[in-house]
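Given the structure of chain A, go ahead and fit chain B with the ligands onto it with the hints provided.
Protein chains in written order, with the UniProt record's numbering: chain A, 1 to 345; chain B, 1 to 359.
Everything labelled a hint here was simulated from the structure, so no lab data went into it. Glycine residues also receive a C-beta, built at the ideal position from the N, C-alpha and C atoms. Treat the hints with care, since some could be wrong.
[Unchecked claim] Per label pair, the in silico range of CB-to-CB distance:
{"hint": "1", "chain 1": "A", "residue 1": "K243", "chain 2": "B", "residue 2": "R145", "range": "26 to 32 Å"}
{"hint": "2", "chain 1": "B", "residue 1": "L213", "chain 2": "A", "residue 2": "N340", "range": "30 to 36 Å"}
{"hint": "3", "chain 1": "A", "residue 1": "D256", "chain 2": "B", "residue 2": "E40", "range": "35 to 41 Å"}
{"hint": "4", "chain 1": "A", "residue 1": "I190", "chain 2": "B", "residue 2": "T44", "range": "39 to 45 Å"}
{"hint": "5", "chain 1": "B", "residue 1": "L205", "chain 2": "A", "residue 2": "A137", "range": "54 to 60 Å"}
{"hint": "6", "chain 1": "B", "residue 1": "T44", "chain 2": "A", "residue 2": "L168", "range": "52 to 58 Å"}
{"hint": "7", "chain 1": "B", "residue 1": "E40", "chain 2": "A", "residue 2": "P52", "range": "39 to 45 Å"}
{"hint": "8", "chain 1": "B", "residue 1": "D95", "chain 2": "A", "residue 2": "D256", "range": "43 to 49 Å"}
{"hint": "9", "chain 1": "A", "residue 1": "L168", "chain 2": "B", "residue 2": "D95", "range": "33 to 39 Å"}
{"hint": "10", "chain 1": "B", "residue 1": "G22", "chain 2": "A", "residue 2": "S9", "range": "56 to 62 Å"}
{"hint": "11", "chain 1": "B", "residue 1": "G22", "chain 2": "A", "residue 2": "Q258", "range": "27 to 33 Å"}
{"hint": "12", "chain 1": "A", "residue 1": "D256", "chain 2": "B", "residue 2": "V269", "range": "47 to 53 Å"}
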Amino acid sequence: MATYDWLFSTLGLEQWCGASGGSAPTSLSDLAAQSRGETGEQAVDIWELPFPSMDALNDACPAFPQSRELTLGLEEGFLDIKDTLSVVLDPITQPLSWALDAALYGILNTPWWIVIPLLLAITWAVSRSWGLLAFVAACILGLAFIDHYDYAMQTLAIIFVCAFICVLFGVPIGIGMSRSDTMQNATIPILDMLQTLPPFVYLIPLIFLFSVTEPKLYGIAIILYAIVPVIRLTNLGIRMVDKNVIEAADAFGMTDRQKLFGVQIPLALPNIMAGVNQTIMMSLAMVVIASLVSAPGLGVLVLRGIRNLELGVGLVAGLGIVLLAVILDRVTKASLARINATHKA
Amino acid sequence: MRNDRDSKTTKIEIRHLYKIFGPHPEAMLEHVHAGMGKSELMETHQHVLGLSDINVDVKEGDITVMMGLSGSGKSTLIRHLNRLIDPTAGEVRVDGENILDYDERQLRHLRRNRMSMVFQNFALLPHRTVRENTALALTVRGESRADYEQEAARWLDRVGLGGSEEQYPHQLSGGMQQRVGLARALASNAPIMLMDEAFSALDPLIRTDMQDLLLELQEELSKTVVFISHDLDEALKLADHLVILKDGYVVQQDEPQRILLEPADDYIVDFISDINRARVLRVRSVMRAEGEARGGVTGEIGPEETLEEVISKSGGDTSCSFLVQQDGRKLGVLDMNDVMRALVPTGASEHGLRSRASA
Ligand SMILES: Nc1ncnc2c1ncn2[C@@H]1O[C@H](COP(=O)(O)OP(=O)(O)OP(=O)(O)O)[C@@H](O)[C@H]1O
Ligand SMILES: [Mg+2]
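Excised from the complex, chain A in its bound form:
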């Protein structure tokens, strides 16, 4: 006899619950009660009234599911749709694997004396700052000198690919959100969820869907995590464009297209670039975590430091990540500053 027997009897559901109310003890507390020789008829003490949770209701009625079955059900449900889902997702995401493989192959098989000057050239092109160029050169050469060149380049390659894809999809999604309030209202909860879910949680369903050896597994995890800021800031940037300027564009008969490419995107560019900066920083954070699911790069060394308690390896790799973070941040901020300079209102 359990606390909530009365509930099922008043609802007339005893039939559904089955014959036995308490003959087969299912929980520990039942066993304990039995061993104490209490066979159920005790008065319910109000202080010990259990919350009518799934388990408590199951005590009273075995046909009622236990909460363990919820997680089990979710798992089974996911496994059931997993095959169909991967049939769809696999081909769609395959290009991501190819892109990541190609980038990793490319950056590791191009000689360092081409890669390093190329990176410095990019730095110069976007920042036009000698100081920054010297700083970036010092960092990369330093990392190479302590034999972290390959790891650092792998990390960079992954970030470039993922950030590029984030921009490729994030900017159009942000534009869509800025033009339709319905779409904005529908998208914002998803973005909130992506941003608040702990990064490890993404990995769980992804591991079921894709094999751990595939690069797209960590690619997707990074993209889902890092795409949020570029979407948000594109949306915000376009919505914040001066209403008066938009009105002038309308008054001179611009089409929506002319307005978007001629006015809104150029004027939202500082915000979009701020989003790109954040996206890159978040890719870097995630690429370290993604080493748990075979993402190569500096994260692997950090992981080794943790697993094998190799303090020095972990710390040096951590320092390398910090350097990369600073480089990426400074370079994107410098290009942002240059855009801002030409956009002064």
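Below, chain B with the ligands without anything else, positioned relative to chain A:
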């Protein structure tokens, strides 16, 4: 030029135009038709009465000035002319076509080719050079750079900004930015130009310059200009036809001189009470077309001269009279007595002026 309003073609006709802001504008129309005013509608139904039964004819080649205090609906009204705002009810006819029937393509054609606009806050594109801003209408129409470059340079020259083509708007002062705004509107070559408080953000000297520039350009181009202003001096200086708005309805519309001499109600009396009447009133609106001079005729004057000029010609003699002549033709006579009477502030002189005008 100023008296023949009836003989001019009507470029824009505004007919029974209503605009109500709020969630259920159509439902509110009934209350407004029943005579509910702006503040009452706000109190009982939480809707803003933006415009109420506006009827205005804008004549071709005229500067039509719409004036009113802040919140009287001036900006709302001018934005109906190119449908930046759609009305709750009513019609806007441009060259005889109701633009509310236009589809998107026709509307775009209207905005690209037939109307241009100058804004109070300039609204230049900050990321484009002065040249590109000036050529906005042309680039929107899809003209090539080679075509528009010359046109832009020509108009920038015309507004006194030659040589600034490569600069960005933020590098210019407010007055210069509005010159770009004006050049941008002129470069579109549209026959109608809408100007929403175009000079209000400028300081007084630059403002006068810009007004003179506009009048000078108008001599030459004869555009149909709809000009919004909250400044009576500016309105009187520019207007061929003056429309005075209050709480979303038209209180009075007429030639500016008539409004000064025959204000329709106390609101307008208040409006014009600070004005220097001698400087604004002209001979033609005060003279008598018939009859002989009462005193001896001491000289000849033109119909467009201001009373201030007449007073200085009379040397302060209140008994003399002038013959009003244009191109050697006699138009009427002006007694200094009439001049004095016209200068009496409106509130006090209402009776005298009214009876005289209807006689
Ligand atoms: N989008 C809107 N929603 C609600 N009310 C509005 C809207 N636009 C204008 N109004 C109201 O309509 C009235 C007229 O506004 P409008 O901007 O036309 O005034 P204005 O005469 O141009 O004033 P100002 O001299 O300050 O520019 C005001 O009471 C304003 O509050
Ligand atoms: Mg206004």
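**Request:** Take the C-beta atom of A/K243 and the C-beta atom of B/R145, compute their distance, and say whether it sits inside 26 to 32 Å.
**Result:** holds, 29 Å
**Request:** With respect to the beta-carbon atoms only, verify the hint that A/L168 and B/D95 lie 33 to 39 Å apart.
**Result:** Violated - the Cβ-Cβ distance for A/L168 and B/D95, about 47 Å, lies outside 33 to 39 Å.
**Prompt:** Between B/D95 and A/D256, does the beta-carbon spacing fit 43 to 49 Å?
**Reply:** For B/D95 and A/D256 the Cβ distance comes to about 26 Å; the hint is violated.
**Prompt:** Taking the beta carbons of B/L213 and A/N340, is their distance inside 30 to 36 Å?
**Reply:** holds, 34 Å
**Prompt:** Per the hint of 56 to 62 Å, is the separation of the Cβ atoms of B/G22 and A/S9 within bounds?
**Reply:** Given range 56 to 62 Å: holds, Cβ gap about 57 Å.
**Prompt:** Per the hint of 35 to 41 Å, is the separation of the Cβ atoms of A/D256 and B/E40 within bounds?
**Reply:** holds, 39 Å
**Message:** A range of 54 to 60 Å was offered for this pair. Does it hold for the Cβ distance of B/L205 and A/A137?
**Reply:** Roughly 56 Å apart at Cβ, these two residues keep to the hinted range, so it holds.
**Prompt:** Does the hinted range 39 to 45 Å hold for B/E40 and A/P52 at CB?
**Reply:** violated, 57 Å
**Whether the CB-CB distance between A/I190 and B/T44 falls inside 39 to 45 Å** = Given about 42 Å between the Cβ atoms, the range holds.
**Request:** Could you tell me whether the CB distance from B/T44 to A/L168 stays inside 52 to 58 Å?
**Result:** Given range 52 to 58 Å: holds, Cβ gap about 53 Å.
**Request:** Please test the hint of 27 to 33 Å on the beta carbon pair from B/G22 and A/Q258.
**Result:** Given range 27 to 33 Å: holds, Cβ gap about 32 Å.
**Asked** Taking the CB of A/D256 and the CB of B/V269, does the distance hold inside 47 to 53 Å?
**Response** Holds - the Cβ-Cβ distance for A/D256 and B/V269, about 48 Å, lies within 47 to 53 Å.
Of the numbered hints given earlier, the model fails hints 7, 8, 9; all others are met.
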